[in-house]
Amino acid sequence: MATRFRGVMQSPVTPLNDDFSLDLATFERVLDFHVRTGATAISWPHHKGESLNLTIAERKLFAEAAVKVVAGRIPVTIHVSALALEDTMELARHAQAIGADGVLAITPYFWTPSPEAIHAYFVRLCGAIDLPVLSYNSPSYLAGVEITGDLMSRLIQRLPNFAGVKEASFNSEKFLEIARAALPLRPDFALLTGVEFLLPSVPLGGVGSYSAAGSICPNLCQDLFDACMEGDWPRARTLQAKMTRLWLLFRDQYPSSLKGGMVIMGRPVGPTRPPLPTASKERQAYIRSELEALGILDTEPHGW
Amino acid sequence: MSAFQPGLVHTPVTPFTGDHGIDFYRLGQVIDFHRRHGADALALPMHAGESVSLSEDEKRSVLAFAIANAPDIPVIAHVSNAGSAIAAALARDAERAGAAAVVATTPYYWTPPPAMLLEHFSAIGSAVTIPLLIYNSPDEMAGTKLTTDLALKLIERLPNFAGIVDLSLDWQFMIELMTEAPRVRKNFLLLAGTEHLVSAGAIGARGLFSPLAAIAPHLVRRLYDLCREEKFFDARPAQDEIAALRQFLKADGPAGLKAALRAMGRDCGEPRPPLLPLAASVQARLADALSGLPALRHEPRGW
Chain G
35 MATRFRGVMQ
45 SPVTPLNDDF
55 SLDLATFERV
65 LDFHVRTGAT
75 AISWPHHKGE
85 SLNLTIAERK
95 LFAEAAVKVV
105 AGRIPVTIHV
115 SALALEDTME
125 LARHAQAIGA
135 DGVLAITPYF
145 WTPSPEAIHA
155 YFVRLCGAID
165 LPVLSYNSPS
175 YLAGVEITGD
185 LMSRLIQRLP
195 NFAGVKEASF
205 NSEKFLEIAR
215 AALPLRPDFA
225 LLTGVEFLLP
235 SVPLGGVGSY
245 SAAGSICPNL
255 CQDLFDACME
265 GDWPRARTLQ
275 AKMTRLWLLF
285 RDQYPSSLKG
295 GMVIMGRPVG
305 PTRPPLPTAS
315 KERQAYIRSE
325 LEALGILDTE
335 PHGW
Chain V
504 MSAFQPGLVH
514 TPVTPFTGDH
524 GIDFYRLGQV
534 IDFHRRHGAD
544 ALALPMHAGE
554 SVSLSEDEKR
564 SVLAFAIANA
574 PDIPVIAHVS
584 NAGSAIAAAL
594 ARDAERAGAA
604 AVVATTPYYW
614 TPPPAMLLEH
624 FSAIGSAVTI
634 PLLIYNSPDE
644 MAGTKLTTDL
654 ALKLIERLPN
664 FAGIVDLSLD
674 WQFMIELMTE
684 APRVRKNFLL
694 LAGTEHLVSA
704 GAIGARGLFS
714 PLAAIAPHLV
724 RRLYDLCREE
734 KFFDARPAQD
744 EIAALRQFLK
754 ADGPAGLKAA
764 LRAMGRDCGE
774 PRPPLLPLAA
784 SVQARLADAL
794 SGLPALRHEP
804 RGW
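Keeping their order, the protein sequence lines are chains G and V. Positions 35 to 338 (my numbering) are the ones given, in order, by the first sequence. Positions 504 to 806 (my numbering) are the ones given, in order, by the second sequence.
Chain G extracted, bound-state conformation (with noise of 0.2 Å):
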């Protein structure tokens, strides 16, 4: 059975008002806003959600939300990576409490944990709950610590419920580590990568990507995913070039890039919490003339 976790999936930014608090009505707005515009799934919040600057309170408000608004339309998981593992371990019992379809785990922060103590973390998250743990490799924010592929056949072999990655080391050899190492053991396993990278990881046994750039660009996520699906190759790379523009564009104080973009859009979504920047005017300027150049404002939907 394939996995349910794969095509473009959205992962909300996190609307907040000028005092910098939760705007519930409009993360609302953009859940939907996602669903109707072809996300194959939500997941909520990510880095990009400004996760790490939310309380243990606020992620959980935000993660019933998410399920209630979205109503099964489409697969929610939950990121429930923390500074504090007992924060992570209490944010997965609560996504299964609610109602959630999975979650997504990091590696954890900080400590440069080693190979033995990353088996050991997910062995007890995996433990804890029966929902589908999706994990995060991502070496290149956290000094080099990785799933290697021998961890990863670990893991599979023991956890029934260890059914994916995000794997974004961005990297041809470590993906395709990844790849060998699971898929021969779990076929449905679901091999994804971050920032819509899917040119390259889809031929490697790819089955999808999380999105930097889904709420400005939905139409061209959707795209780049056919044209790799359907190995329309010359398509993709022309797709996918433009996605990296963006990427560029929007990786430069990301996310609050995105947000000043998103206002663009005609989605305005709030200010970003410090010790993240918010996106200036002279600067949400500059994202509307590369979105201009780019051609992003007659191909994708304006407003909510």
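Bear in mind the hints are in silico, worked out from the structure with no lab data behind them. Positions of the beta carbon are idealized from the N, C-alpha and C atoms, including for glycine. Warning: the hint list may mix true and false statements.
In silico DSSO-like cross-links for lysine-lysine, where the CA-CA straight-line distance does not exceed 30 Å [unchecked claim]:
(1) V:K648 x V:K689
(2) G:K276 x V:K753
(3) V:K689 x V:K734
(4) V:K656 x V:K689
(5) V:K689 x G:K276
(6) G:K276 x G:K208
(7) V:K734 x G:K315
(8) V:K734 x G:K276
(9) G:K315 x G:K276
(10) V:K734 x G:K208
(11) V:K648 x G:K208
(12) G:K276 x V:K648
(13) V:K734 x V:K753
(14) V:K753 x V:K648
Selected chain V positions facing chain G (in silico; Cβ < 10 Å) [as the list claims (entries may be wrong)]:
(15) A592
(16) D596
(17) W674
(18) T682
(19) A695
(20) S702
(21) A703
(22) E733
(23) F736
(24) A738
Place chain V on chain G using the hints.
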């Protein structure tokens, strides 16, 4: 400059005698083997050929020998050095000797910032009229790497800057490069610097520098041909097999490559100091592992 398309480029080892001299008899056999087993071009002496352990004169001799012994295919000269003037002189001599192109890494040891890289590559590129390829290998160079911005500046400066041989395997860099560079230089080339060709090929790589072609030339050729035909889904089994082979050999560098060559019946001696040969017991284990590898079942044994 007309389009330079080196295709599948084999990167031969440098065989040594028992007293660490270059074994030119064996080198002749090596070059002949590559010519008969699918090389569209040769590049030497690359790191797989222990370039860093050869004297400048030896590099010139190896190049001249290869050009004389492979008159039917292009030979690309590896001219990397720490000093810009030394690398430029090697490049100039390579052109004179009949090399089809030169290839150079970022300078050894200095971990230079982009402004220095621009000057270094400008010095090499402007010393020759044949194409210059730049070898981007951040893992081997303490993190020093090419950026798309630097590539664009080099295109502006050097009419003969033809492309990048990539070992970074970095999707973002490759996509960005192949989005920007071909706009200003139509036939700008991305070549994969290792046998990880599927992702690079999907992004737009049109060539491959392959050290493992010395061990598994048929498999490498199959991978290359499938990728050139854009059959990336069909290429995955070959890509998986080569990744398995690479995993066995990667950590040991040229010593592993030479041990594998011995196991395949093509003894090229041991690596030069400071590299150490693999211990006999490790060589035996490697030979054992390789004999069980399905990827090598149909590969040539002996010369």
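A quick look at each hint next to the structure:
{"no.": "1", "hint": "V:K648 x V:K689", "verdict": "holds (23 Å)"}
{"no.": "2", "hint": "G:K276 x V:K753", "verdict": "violated (35 Å)"}
{"no.": "3", "hint": "V:K689 x V:K734", "verdict": "holds (24 Å)"}
{"no.": "4", "hint": "V:K656 x V:K689", "verdict": "holds (15 Å)"}
{"no.": "5", "hint": "V:K689 x G:K276", "verdict": "holds (18 Å)"}
{"no.": "6", "hint": "G:K276 x G:K208", "verdict": "holds (24 Å)"}
{"no.": "7", "hint": "V:K734 x G:K315", "verdict": "violated (46 Å)"}
{"no.": "8", "hint": "V:K734 x G:K276", "verdict": "holds (23 Å)"}
{"no.": "9", "hint": "G:K315 x G:K276", "verdict": "holds (24 Å)"}
{"no.": "10", "hint": "V:K734 x G:K208", "verdict": "holds (21 Å)"}
{"no.": "11", "hint": "V:K648 x G:K208", "verdict": "holds (19 Å)"}
{"no.": "12", "hint": "G:K276 x V:K648", "verdict": "holds (24 Å)"}
{"no.": "13", "hint": "V:K734 x V:K753", "verdict": "holds (26 Å)"}
{"no.": "14", "hint": "V:K753 x V:K648", "verdict": "holds (20 Å)"}
{"no.": "15", "hint": "A592", "verdict": "violated (35 Å)"}
{"no.": "16", "hint": "D596", "verdict": "violated (35 Å)"}
{"no.": "17", "hint": "W674", "verdict": "holds (4 Å)"}
{"no.": "18", "hint": "T682", "verdict": "holds (4 Å)"}
{"no.": "19", "hint": "A695", "verdict": "holds (8 Å)"}
{"no.": "20", "hint": "S702", "verdict": "holds (4 Å)"}
{"no.": "21", "hint": "A703", "verdict": "holds (6 Å)"}
{"no.": "22", "hint": "E733", "verdict": "holds (5 Å)"}
{"no.": "23", "hint": "F736", "verdict": "holds (6 Å)"}
{"no.": "24", "hint": "A738", "verdict": "holds (7 Å)"}
In summary, the numbered hints that this structure violates are 2, 7, 15, 16.
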